[in-house]
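From first to last, the protein sequence lines are chains C, P and H.
Mapping of the first sequence onto this note's numbering: residues 1 to 367, in sequence order.
Mapping of the second sequence onto this note's numbering: residues 368 to 565, in sequence order.
Mapping of the third sequence onto this note's numbering: residues 566 to 722, in sequence order.
Everything labelled a hint here was simulated from the structure, so no lab data went into it.
Quantities reported herein were computed from a predicted structural model and do not represent experimental measurements.
Honestly, I wouldn't trust all of these hints.
Said to hold, decoys possible - Below, a list of computed lysine-lysine pairs in the BS3-like style, where the Cα atoms sit at most 25 Å apart:
hint: 1; chain 1: P; residue 1: LYS406; chain 2: P; residue 2: LYS528
hint: 2; chain 1: P; residue 1: LYS497; chain 2: P; residue 2: LYS406
hint: 3; chain 1: C; residue 1: LYS59; chain 2: C; residue 2: LYS105
hint: 4; chain 1: C; residue 1: LYS147; chain 2: C; residue 2: LYS266
hint: 5; chain 1: C; residue 1: LYS147; chain 2: C; residue 2: LYS59
hint: 6; chain 1: C; residue 1: LYS103; chain 2: C; residue 2: LYS113
hint: 7; chain 1: C; residue 1: LYS115; chain 2: C; residue 2: LYS147
hint: 8; chain 1: C; residue 1: LYS103; chain 2: C; residue 2: LYS115
hint: 9; chain 1: H; residue 1: LYS574; chain 2: P; residue 2: LYS533
hint: 10; chain 1: H; residue 1: LYS574; chain 2: P; residue 2: LYS406
hint: 11; chain 1: H; residue 1: LYS608; chain 2: P; residue 2: LYS528
hint: 12; chain 1: P; residue 1: LYS533; chain 2: H; residue 2: LYS608
hint: 13; chain 1: H; residue 1: LYS608; chain 2: P; residue 2: LYS406
hint: 14; chain 1: C; residue 1: LYS79; chain 2: C; residue 2: LYS105
hint: 15; chain 1: H; residue 1: LYS574; chain 2: P; residue 2: LYS403
hint: 16; chain 1: C; residue 1: LYS115; chain 2: C; residue 2: LYS79
hint: 17; chain 1: C; residue 1: LYS79; chain 2: C; residue 2: LYS103
hint: 18; chain 1: C; residue 1: LYS115; chain 2: C; residue 2: LYS105
hint: 19; chain 1: C; residue 1: LYS147; chain 2: C; residue 2: LYS103
hint: 20; chain 1: H; residue 1: LYS574; chain 2: C; residue 2: LYS113
hint: 21; chain 1: H; residue 1: LYS608; chain 2: C; residue 2: LYS79
hint: 22; chain 1: P; residue 1: LYS403; chain 2: P; residue 2: LYS533
hint: 23; chain 1: C; residue 1: LYS59; chain 2: C; residue 2: LYS115
hint: 24; chain 1: P; residue 1: LYS403; chain 2: P; residue 2: LYS528
Claimed, not checked - Chain H is nowhere near these chain C residues, computed Cβ spacing over 12 Å in every case:
hint: 25; residue: ASP145
hint: 26; residue: GLU179
hint: 27; residue: ARG183
hint: 28; residue: ARG202
hint: 29; residue: ARG268
hint: 30; residue: ARG276
hint: 31; residue: LEU283
hint: 32; residue: VAL284
hint: 33; residue: GLY314
The C-beta atom is built at its ideal place from N, Cα and C for all residues, glycine as well.
Below, each chain spelled out in residue letters.
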Amino acid sequence: MITAFLIGLGVMCAVVLILTLVILACDATIANYGPVRIVINGEREITVQGGRPLLASLKDHEIFLPSACGGRGSCGMCKVRVLEGAGDPLATELPWLNAQERKDKIRLSCQVKVKRPLRIEVPRELLQVRQYRTQVIGMRDLTYDIKEVTLQLAPGERIDFQAGQFIQFEVPPYALADEPVYRAYSISSSPAQHDRVELEIRLVPNGICTTYVHRYLKVGDGVTVNGPYGDFHLQENDREMICVAGGSGMAPIKSILARLAETGSKRRIRYFFGARTERDLFLVDEMRALERTLTDFRFIPALSAPQDGAAWQGETGLVTAVLERHVTSVENAEAYLCGSPGMINATVAVLKKKGMPVERIYFDSFG
Amino acid sequence: MSELLYFLAVLLSAVFTSNILLTNYLGMCSFLAVSKEIKTSLGLGAAVVFVMAITCPLNWMVSAWVLEPLHLEYLRFIVFIVVIAAFVQVLEMIVERVSETLYANLGIFLPLITVNCAILGASLFMIIRKYTLAESFVYGTGSGLGWMLAILAMAGIRQEKLNQSKLPRGLEGPAIALVVAGIMALAFMGFSGMGGGN
Amino acid sequence: MKETPQMRKARENMIPGRLSLPGFLGGERDLPRLLDEDAETVKRLGLTHAAIADRMRELRDAGAEGLGEFLSVPPHFEVRADSVRGRIPCPFGERGLYPKTSITVRNLRTGREVTYTDLHIHLVAAHGFYEGVGTPYRLEPADLVSVLEVQPKDTTL
Numbered sequence: 001m002i003t004a005f006l007i008g009l010g011v012m013c014a015v016v017l018i019l020t021l022v023i024l025a026c027d028a029t030i031a032n033y034g035p036v037r038i039v040i041n042g043e044r045e046i047t048v049q050g051g052r053p054l055l056a057s058l059k060d061h062e063i064f065l066p067s068a069c070g071g072r073g074s075c076g077m078c079k080v081r082v083l084e085g086a087g088d089p090l091a092t093e094l095p096w097l098n099a100q101e102r103k104d105k106i107r108l109s110c111q112v113k114v115k116r117p118l119r120i121e122v123p124r125e126l127l128q129v130r131q132y133r134t135q136v137i138g139m140r141d142l143t144y145d146i147k148e149v150t151l152q153l154a155p156g157e158r159i160d161f162q163a164g165q166f167i168q169f170e171v172p173p174y175a176l177a178d179e180p181v182y183r184a185y186s187i188s189s190s191p192a193q194h195d196r197v198e199l200e201i202r203l204v205p206n207g208i209c210t211t212y213v214h215r216y217l218k219v220g221d222g223v224t225v226n227g228p229y230g231d232f233h234l235q236e237n238d239r240e241m242i243c244v245a246g247g248s249g250m251a252p253i254k255s256i257l258a259r260l261a262e263t264g265s266k267r268r269i270r271y272f273f274g275a276r277t278e279r280d281l282f283l284v285d286e287m288r289a290l291e292r293t294l295t296d297f298r299f300i301p302a303l304s305a306p307q308d309g310a311a312w313q314g315e316t317g318l319v320t321a322v323l324e325r326h327v328t329s330v331e332n333a334e335a336y337l338c339g340s341p342g343m344i345n346a347t348v349a350v351l352k353k354k355g356m357p358v359e360r361i362y363f364d365s366f367g
Numbered sequence: 368m369s370e371l372l373y374f375l376a377v378l379l380s381a382v383f384t385s386n387i388l389l390t391n392y393l394g395m396c397s398f399l400a401v402s403k404e405i406k407t408s409l410g411l412g413a414a415v416v417f418v419m420a421i422t423c424p425l426n427w428m429v430s431a432w433v434l435e436p437l438h439l440e441y442l443r444f445i446v447f448i449v450v451i452a453a454f455v456q457v458l459e460m461i462v463e464r465v466s467e468t469l470y471a472n473l474g475i476f477l478p479l480i481t482v483n484c485a486i487l488g489a490s491l492f493m494i495i496r497k498y499t500l501a502e503s504f505v506y507g508t509g510s511g512l513g514w515m516l517a518i519l520a521m522a523g524i525r526q527e528k529l530n531q532s533k534l535p536r537g538l539e540g541p542a543i544a545l546v547v548a549g550i551m552a553l554a555f556m557g558f559s560g561m562g563g564g565n
Numbered sequence: 566m567k568e569t570p571q572m573r574k575a576r577e578n579m580i581p582g583r584l585s586l587p588g589f590l591g592g593e594r595d596l597p598r599l600l601d602e603d604a605e606t607v608k609r610l611g612l613t614h615a616a617i618a619d620r621m622r623e624l625r626d627a628g629a630e631g632l633g634e635f636l637s638v639p640p641h642f643e644v645r646a647d648s649v650r651g652r653i654p655c656p657f658g659e660r661g662l663y664p665k666t667s668i669t670v671r672n673l674r675t676g677r678e679v680t681y682t683d684l685h686i687h688l689v690a691a692h693g694f695y696e697g698v699g700t701p702y703r704l705e706p707a708d709l710v711s712v713l714e715v716q717p718k719d720t721t722l
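Could you build all of it, start to finish, from the sequences and the hints given here?
Given below as structure tokens:
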């Protein structure tokens, strides 16, 4: 009786042991892709541990592809050209790739698992993207819901960017979020300042990052950012400029204006800023100061619902309506827009009606 | 030739006359939970076919070559479950290595299958029915196909008909699904007459 | 009942602090049951998720021109579409990032109002999901239908 029991127990243990060994063996062979080489742009070569997504593997080597969703395959931003070593695009990628991109072997790097040696192409400007460990040295309230945050780079570090570009801000896990998240914010300071960046962050109701910045972040805290990104930036030419922004869309325009002031630009600039009420306006004094520094600059704030009707001397109405009234000739002008998608669509429509070709309208939509 | 016909008979009876889902009511939970759309049902169904086709002969070998010689038949239940779980683990790794596309379509269902009682049921029936190794493979494949057929039919009915129909409140969701499954089972009973004719 | 892998992934994305601060589920644990219950409510009202989503889209488009101000929309609605920075993905893990546009619809006849987002429109249309009871973004299907005055499809044709 005891023997039968012991045999049963022994066999059971043996079976479980053998199966465990089989799984371990498979884990070490089948699921182990070993070190894999990735050749970037035919010149740089990195070696990564296989089996992980390309996006994460590149990040380990300080190559940052833009990604808003953090590798969930839902933002379609982390596109990269994979010349060799990856199979066909997955079903999860197809919605993001048009026929031309499929032909060009464009893939979403968060969906490509590194299994075989890869040859990839990364746009040159993305190779300039770096990660910076910074410290908060200033925080001030611009309005009741917009904060200006100044980040100081570590000593000896230097950031080069073009006026209008943005960075990604890493929110560490905190009381209300258990995973790190990344959010993009335009830089509002001048590109001539290489040792610090300023951001203007408006509190988004229930926003993970903005709640962190407004309620938890304080002077002295460390913040990790990476960048710069974005093709919305100042074009170096002599055209007249029409700038239109709302809310925290102020940030990239402010950087562009700072750059123009520093280079002593003689361009004719009109800046329309849309806000609801007086308390949504900010940096008015700075803008008035720029009107004196720059040769031909006017700041035109427009309130859609001024609270104190009599006291408000400026323009009233939607910013698009004010723009329509003010702009007469767009012949030698280009436009810079930053704000909500709704505002941008409406503004583009106005400018097109005025005869501005779309390729001279540059915009940075929230998001 | 007659051998081939015999295998065909085993296969067809596993698919139709003794459909593991509709005559034995095994694998009900995933059958009810994942039968809302044809597309996902197809993925789960394919995974079940594949796993059953392999685990049946695998368990046959364990049973005939290890358990029976040692008179440990009473350990079948637990050993079969462990074998199935381990096989699914290994299979998941293989699928991931071999094909990203297959992994994306099938891989997500594999962990769900480990605990599907139809898989264990098929392995146990094959012992009761005293199949040979080759027959157990055919039986496993047939049972899987039968299960897939049933869940596809159910998904079709739910997607095309039940979603559009007005139902009394108490009958909505799993209730009507069970009623439909019952009627489907009655319909499948009709198949048993086909084998009895000869 | 067992959860499909997609449902599990969706439920994980709905945890507070993952995609949004308050999460999508509130006190609700059982996502499939939540979906079933709301689907039943919608069916009882003689409607479909698609019809509700179409109406939500229609009113959003009508209010878009206001750029954050209330616009009056015939016959007796006021609609405000306001955006904040950022976009949010669908917790069910599909393609797409949705702008954080919140649309407030006031029904002047009943005096009631409801606020929804661009993501809501997708969630209702594609997943029949109205968020969990207890989250700030929960839409009660019955309230939504009565404020927006969603008409059954066959009578509007």
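**Q.** Beyond 12 Å from each Cβ of chain H, as asserted for ARG202(C)
**A.** Label violated. Min Cβ-Cβ 6 Å, cutoff 12 Å.
Q.
Just to be careful, I want the Cα atoms of LYS147(C) and LYS266(C) compared with a cutoff of 25 Å; is the pair within it?
A. violated (31 Å)
Q.
Does LYS533(P) sit within 25 Å of LYS574(H), going by the straight-line distance between their CA atoms?
A. Violated - the C-alpha atoms of LYS533(P) and LYS574(H) are around 31 Å apart, more than 25 Å.
Q | Pairwise hint evaluation, LYS406(P) against LYS608(H), where the allowed Cα distance is 25 Å at most | A | holds (23 Å)
Q. Are the Cα positions of LYS103(C) and LYS113(C) separated by 25 Å at most?
A. Holds - the C-alpha atoms of LYS113(C) and LYS103(C) are around 20 Å apart, at most 25 Å.
(Q) Would the non-interface assignment of VAL284(C) survive a Cβ cutoff of 12 Å against chain H? (A) Fine: 20 Å to the nearest Cβ keeps VAL284(C) off the interface.
Q. Would ASP145(C) pass as off the interface with chain H, using Cβ distances and a cut of 12 Å?
A. violated (10 Å)
Q) Is the straight-line distance between the alpha-carbon of LYS79(C) and that of LYS103(C) 25 Å or less? A) Holds - the C-alpha atoms of LYS103(C) and LYS79(C) are around 14 Å apart, at most 25 Å.
Q.
For GLY314(C), is the shortest CB-to-CB distance to chain H above 12 Å, so the non-interface label stands?
A. Correct as stated: the minimum Cβ-Cβ distance to chain H is 17 Å, above 12 Å.
Q | Given hint LYS115(C) paired with LYS103(C) - CA-CA distance at most 25 Å | A | Distance ~22 Å between LYS103(C) and LYS115(C) Cα, so the pair holds.
Q: Classify the label on GLU179(C) as holds or violated, using whether its beta-carbon is more than 12 Å from each beta-carbon of chain H.
A: violated (6 Å)
(Q) Between the alpha carbons of LYS406(P) and LYS528(P), is the straight-line distance 25 Å or under? (A) The hint holds at about 16 Å.
The structure fails hints 2, 4, 5, 7, 9, 19, 21, 25, 26, 27, 28 and 30 (numbered hints given earlier, in ascending order).
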